[in-house]
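Those protein sequences? They're chains A and B, same order as listed.
All letters in the first sequence, in the order written, are residues 18 to 273 by my numbering.
All letters in the second sequence, in the order written, are residues 2 to 157 by my numbering.
Just so you know, these hints were derived from the structure itself, not from any lab.
Keep in mind that the hints are not guaranteed to be accurate.
[Said to hold, decoys possible] Covered stretches of chain B, as calculated for chain A (at least 3 residues, CB under 8 Å):
1. 81 to 92
2. 139 to 153
[Unchecked claim] In silico DSS-like pairs for lysine-lysine, Cα to Cα no more than 27 Å straight-line:
3. A:Lys254 / B:Lys75
4. B:Lys3 / A:Lys125
5. B:Lys53 / A:Lys260
6. B:Lys53 / A:Lys200
[What the hints assert, rightly or not] Incomplete in silico selection of chain B near chain A, CB under 7 Å:
7. Phe39
8. Ile49
9. Arg62
10. Cys65
All C-beta atoms in this analysis are idealised placements derived from N, C-alpha and C, irrespective of residue type, glycine included.
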Amino acid sequence: MTCSRRDFLKNTVSGSVASVLPLSAFTFLSQAEASAALSETKVRWAFLVDTTKCVGCGLCVKACKNENEIPYDAAVTRTWVERYVVTKDGETHIDSPMGGRDGFIDDKIRDEEIDPEDIAKAFFVPKLCNQCENPACVQVCPVGATYQTNDGVVLVDRKWCIGCGYCIMACPYGVRFFHPEAKVADKCNFCYHRISKGMEPACVECCSFGARQIANLKDPDDPVANIIRTERVAVLKDEYGTKPHVFYLGLDANVR
Amino acid sequence: MKWHVLRPLWVALGLVGLILVSRQFLVPDDFGVHGKSFTYGYYRLSNIQEWKDFPVKYRGRESCIECHEENVLKLNASTHEPVECENCHGPSVNHPDDEEYLPLDTSRELCLRCHAWLEYPNSARGELMSIENRRHKRRRECIECHGPHDPKEEVE
C-alpha cells in the first residue's frame with residue numbers, strides 16, 4: 018500500500034479533528050460541581066461510645082424513648098444498655114432489663130445473686146444503630162422504604178414500609194424492631210431531626226458522663242472525630258463487612 | 002393461532018399495561034435513586050425532610066435558663082453540673098405553652114440510677130458517691146435530705 022505525503026497529512030489532520038470533536042460534548046466541572054453531581058456532602062455522621070465512662074444509669078434510653086415517641090412500656094427500644102459481669106470462673110453474665118430504661122439498681126442478674134468476691138470485671142455497654150456504610154438492612158428491603166442518606170444515616174420511610182420485617186432479621190446487631198404504634202420497622206437514626214438542626218442526639222445530651230458522643234467524620238476539626246481517628250477504637254462485629262460507624266473505646270472481647 | 006390460546010395472552014398483556022399505567026400515578030415523582038448507588042440509595046427523597054421535621058422534645062438547659070436562671074446557675078456550680086435538667090424534670094417539649102408543669106420525677110429510683118452501690122470495682126459506677134439501697138434510709142425519698150440542684154446543700 019502506498020500513501021503520498023499529502024494524503025498522509027490530510028488524513029492525520031481530519032482524523033484528529035474527528036476524534037477530538039466528540040470530546041467537546043464533555044464539560045469540565047469544578048470540584049464543588051463534581052461533588053454536588055455525586056450528591057456528596059460535607060457530613061458523615063458517626064458515634065463514639067466510651068464504655069469506660071458508662072455507669073449504667075439508663076437515662077439515655079429514657080430520653081431516646083421520649084424523644085422519638087417509642088411506646089414507653091413496650092419491650093422495644095432504639096438504644097439500650099447492656100450489663101456485663103464477668104466472674105472469675107470465666108463466665109459472662111449479661112442482662113438488659115427493659116433495655117436498661119430504668120437503670121441498674123440491683124446487683125442481681127436475671128434473678129441470680131453473684132457474690133462480689135467472684136467478680137473479675139463488670140461494665141456497661143450502650144448500643145444503638147451502627148449506621149453502617151454497607152447496611153444489610155437496606156439491601157434486603159423489597160420496597161425501597163429504608164435507605165442511606167448522603168450523610169451516612171440509615172432512615173426508614175414510614176409511609177413506604179410494608180412491615181415485612183426482612184430488615185429486622187437482616188441487621189446483625191439486632192437494632193431494628195417493629196414499632197407497635199406506627200406498624201413499621203423502626204430503628205435509631207442518631208436523632209436525625211436533632212443533628213440536622215445542629216443539636217446533639219437526645220441520648221448524647223442526656224448522658225451526664227460523656228459516654229456517648231456524636232461526630233462528623235468529614236470535619237477535620239471535629240474533636241470527637243479526631244478521637245475516632247487517633248485513639249484505639251473498635252467496632253462491633255467487624256467480620257460482617259458492614260463497616261459500622263459506632264466506635265467504641267474500651268470495648269471488651271466479651272461484648273458481642 | 003387459535004383464539005383460546007391468544008385470549009389469555011391479551012389478558013396478560015392488558016394486566017402488564019394496567020400496571021405500567023397505574024404506576025405512573027402511584028409512584029411519587031421523587032422516588033428513585035438519590036444516593037451513591039441503587040442498592041443503598043433507592044428511596045423517596047421527600048422522606049428526608051419528613052424526618053427532619055420530627056418534633057424536638059429535649060430542648061436542653063439553654064432553653065431552661067431563659068426563665069429558671071437561678072436554678073440552672075445553682076446546678077452549673079454544683080457537682081451535679083453534668084446532669085441535664087430534663088433528666089429529672091422530663092422533656093420540656095412546648096413548655097410552658099402547652100404544659101404549665103412538667104412531670105418532675107422526685108423518686109428514690111431516679112437517684113439510684115447513678116447512686117445505688119454496685120460492687121463493680123473497675124466500672125465507672127464505682128467512682129460515684131453511692132449508697133447501699135437496702136440499708137440506707139429505706140423508706141425515705143433522697144430529696145428529703147439532699148438538695149438535687151446542689152447535693153452538698155442540706156435540706157431542712
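Hints and how they fare:
1. Counting residues of the segment 81 to 92 of chain B whose CB falls under 8 Å from any CB of chain A gives 7; the rule of at least 3 is met.
2. Only residues whose beta carbon comes within less than 8 Å of a beta carbon in chain A count, and the segment 139 to 153 of chain B has 0; fewer than three means the coverage is violated.
3. Between the alpha carbons of A:Lys254 and B:Lys75 the distance comes to roughly 44 Å, so the proposed pair goes past 27 Å and is violated.
4. Straight-line distance between C-alpha atoms of B:Lys3 and A:Lys125 comes to about 79 Å, which puts the hinted pair past the 27 Å bound.
5. A threshold of 27 Å between alpha carbons decides the hint, and for B:Lys53 with A:Lys260 the separation of about 25 Å falls inside it, so the pair holds.
6. Taking the CA atoms of B:Lys53 and A:Lys200, the gap is near 20 Å; set against the 27 Å cutoff, the hint holds.
7. Using the Cβ-Cβ criterion of 7 Å, the hint placing B:Phe39 at the interface with chain A is not satisfied: the shortest such distance is roughly 9 Å.
8. Restraint check, B:Ile49 versus chain A: the minimum CB separation of about 6 Å is within 7 Å; hint holds.
9. Proximity of B:Arg62 to chain A is violated relative to the hint, the smallest CB-CB distance being about 9 Å (cut-off 7 Å).
10. Violation of the interface hint for B:Cys65 is found here, the shortest Cβ-Cβ separation to chain A being roughly 12 Å, above the 7 Å cut-off.
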